[in-house]
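> Chains as they are written, first to last, in our numbering: chain A, 1 to 174; chain B, 1001 to 1070.
Since the hints were derived computationally from the structure, they do not count as laboratory data. The structure presented is a predicted model; accordingly, all values stated were derived computationally and were not measured. It is possible that part of the hints are untrue.
Said to hold, decoys possible - Not everything, but these chain A residues come out facing chain B in the computed CB check (under 8 Å): (1) Tyr58; (2) Arg95; (3) Ile99; (4) Lys115.
Quick reminder that beta carbons are idealized off the backbone N, C-alpha and C, glycines included.
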Amino acid sequence: MSKSKPSGSSRYEMLFIVPNNFTEDEAKSIVAKVEGIVTENGATIVFSEFWGKKKLAYIIKQNHYGYYSLCEFDIDRDALTKIDRVLRLSNEVLRHQIISIPAVTDAERLAIKEKQTQASKSDKKEEKPNSKEKISKVVDKKEDKKEDKKESSKAELKDLDQKLEGIITAKDLL
Amino acid sequence: MSNKKSKECFFCVNQLDVDYKDVRTLRRFVNFYMKILPGSRTGVCAWHQRKLTQAIKRARVMSLLAPTHK
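Next comes chain A alone, as it looks inside the complex (with noise of 0.2 Å):
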């Protein structure tokens, strides 16, 4: 906790994502013009972060594909809503949060992505014997010629939905 931040502000981070109609190098002009919004109405960033492309767990808008950023900085509340405001009108953010979080140092920062990543590949290890011997027990009880064709299908599969997906990219960058 910085003790040192000036009276009346407090710490938010913002997420927002910009659509995929731009560039990358065009996303990161426009990451870099709504900081610039943020500093103007007298908010201090002190960590940035820019996720890069993703895609959309839904579509929003036509768009199937974004790009995040995450923004943290020092603020007033009553600052806030305007910067809220202007995101809110602008066409080149598809959507914004803004949310109150505790003051945190970059080395604890880094310490909680440290942890978040381990605790993910501990869960790994647990479920992964478990999920093995049920393939296992399935295995056993069909024949083996019905496997191989499962798992050529289930491959032509996997082939059909990345050039379905590189299909989608390409028509959103048009």
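Since the structure of chain A is already known, use the hints to place chain B on it.
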């Protein structure tokens, strides 16, 4: 998430804060239909379960988690 009820709170054991950006862990506390699992199913303590539901809802707003399955 396994069907067996885990007795210990995932977040207390791993000393983790609930983070809406960490989709991998959030995915564990959501069922096939993307519905939030109850605390009795997840084994998460009441304090963290409250944080968890909020985090999942925030992730849904930012399209990190789907609101329903396809």
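> Each of the hints needs a verdict: does it hold here or not?
How the hints compare with the structure:
no., hint, verdict
1, Tyr58, "holds, 6 Å"
2, Arg95, "holds, 6 Å"
3, Ile99, "holds, 7 Å"
4, Lys115, "holds, 6 Å"
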